[in-house]
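Chains A and B supply the protein sequences, listed in that same order. Using my numbering, the final residue of the first sequence is 138, and nothing's skipped along the way. Using my numbering, the final residue of the second sequence is 106, and nothing's skipped along the way.
Simulated from the structure, these hints should not be mistaken for lab results. These figures come from a predicted structure and were not determined experimentally. Hints are supplied without guarantee of correctness; some may be wrong.
[Claimed, not checked] Chain A residues, not near chain B, derived (Cβ > 12 Å throughout):
1. N100
2. T102
3. Q110
4. T113
[Stated by the list, open to error] Quick list of simulated restraints, FRET-style, between CB atoms:
5. A:G54 to B:K98: 25 to 35 Å
6. A:T126 to B:Y22: 13 to 23 Å
7. B:H61 to A:S33: 40 to 50 Å
8. A:G111 to B:E1: 38 to 48 Å
9. B:N48 to A:S33: 42 to 52 Å
10. B:L10 to A:R90: 43 to 53 Å
11. A:K104 to B:S72: 39 to 49 Å
12. A:G98 to B:L10: 20 to 30 Å
Note that CB positions come from ideal geometry on N, CA and C, so glycine has one too.
The residues making up each chain are set out below.
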Amino acid sequence: EAGVTQSPRYAVLQEGQAVSFWCDPISGHDTLYWYQQPRDQGPQLLVYFRDEAVIDNSQLPSDRFSAVRPKGTNSTLKIQSAKQGDTATYLCASSLTEDTQYFGPGTRLLVL
Amino acid sequence: GDSVTQKEGLVTLTEGLPVMLNCTYQTIYSNAFLFWYVHYLNESPRLLLKSSTDNKRTEHQGFHATLHKSSSSFHLQKSSAQLSDSALYYCALSRGSNAKLTFGKGTKLSVKS
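Kindly produce the complete structure, drawing on both the sequences and the hints.
Okay, structure coming up:
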């Protein structure tokens, strides 16, 4: 069974540029999570979906970040105008309802 | 809100010595789930242990932890460290087994020969 896949694995941007991250969850998993992990910190939840519905996006900076999961499978996280403070690893995870979260390898973002 | 504290940022051990990584938590939710995730270099973080049962020992791959609700602790232990145990270990909490995870800052375990 394929795991959670993410792309790209690395991204380097100048401040003000936009970037999108993609996540392909494990087949059949209904719940998908996006976490932000700054250097030397634990992952912090940004948003999560059950199927195509947003369950919690309270920690997503809505002025610059957006996330969608239109068909309840793959998901995209977008940063409209990146800031240096967005430098972090972005982790995607998926799970079946009431079960373990499985993480992808992450996308490492550096904003110069 | 919920929080998880891992006081040690780095633990360095000699192979063969016992491992203990500390984790304490705060939540108002009575049925919290506690997790240990392990993150090896160049791999994805993966679940090592989880528990929601008070005072019950949970074991996997030589590691064990016991959830103590009276002291809000879920320390990770292993009787004998191996070089291959070198990794980042994260303690995490959720309000249900499939609710959002609140992570600690992580403890880097470095095992030397």
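Here is what the structure says about each hint:
At the 12 Å boundary, the C-beta of A:N100 stays outside the reach of chain B, the nearest C-beta of that chain being 17 Å off. A cut-off of 12 Å between C-beta atoms confirms that A:T102 is not in contact with chain B; the least separation is 19 Å. For A:Q110, the shortest C-beta to C-beta distance to chain B comes to about 21 Å, beyond the 12 Å cut-off, and the non-interface label holds. Separation of A:T113 from chain B is adequate, the least Cβ-Cβ distance of about 17 Å exceeding the 12 Å criterion.
Separated by about 33 Å at the C-beta atoms, A:G54 and B:K98 satisfy the suggested range of 25 to 35 Å. Distance hint for A:T126 and B:Y22: a CB-CB separation of about 19 Å, consistent with the stated range 13 to 23 Å. Checking the proposed 40 to 50 Å range against B:H61 and A:S33 shows it holds: the Cβ atoms sit about 41 Å from each other. Range check, A:G111 to B:E1: about 26 Å between beta-carbon atoms, so the 38 to 48 Å window is missed.
Range check, B:N48 to A:S33: about 44 Å between beta-carbon atoms, so the 42 to 52 Å window is met. Range check, B:L10 to A:R90: Cβ separation about 47 Å, and the 43 to 53 Å hint holds. Between A:K104 and B:S72 the beta carbon distance is about 47 Å. The supplied range of 39 to 49 Å therefore holds. The hinted range of 20 to 30 Å is not satisfied by A:G98 and B:L10, whose Cβ atoms lie roughly 48 Å apart.
In summary, the numbered hints that this structure violates are 8, 12.
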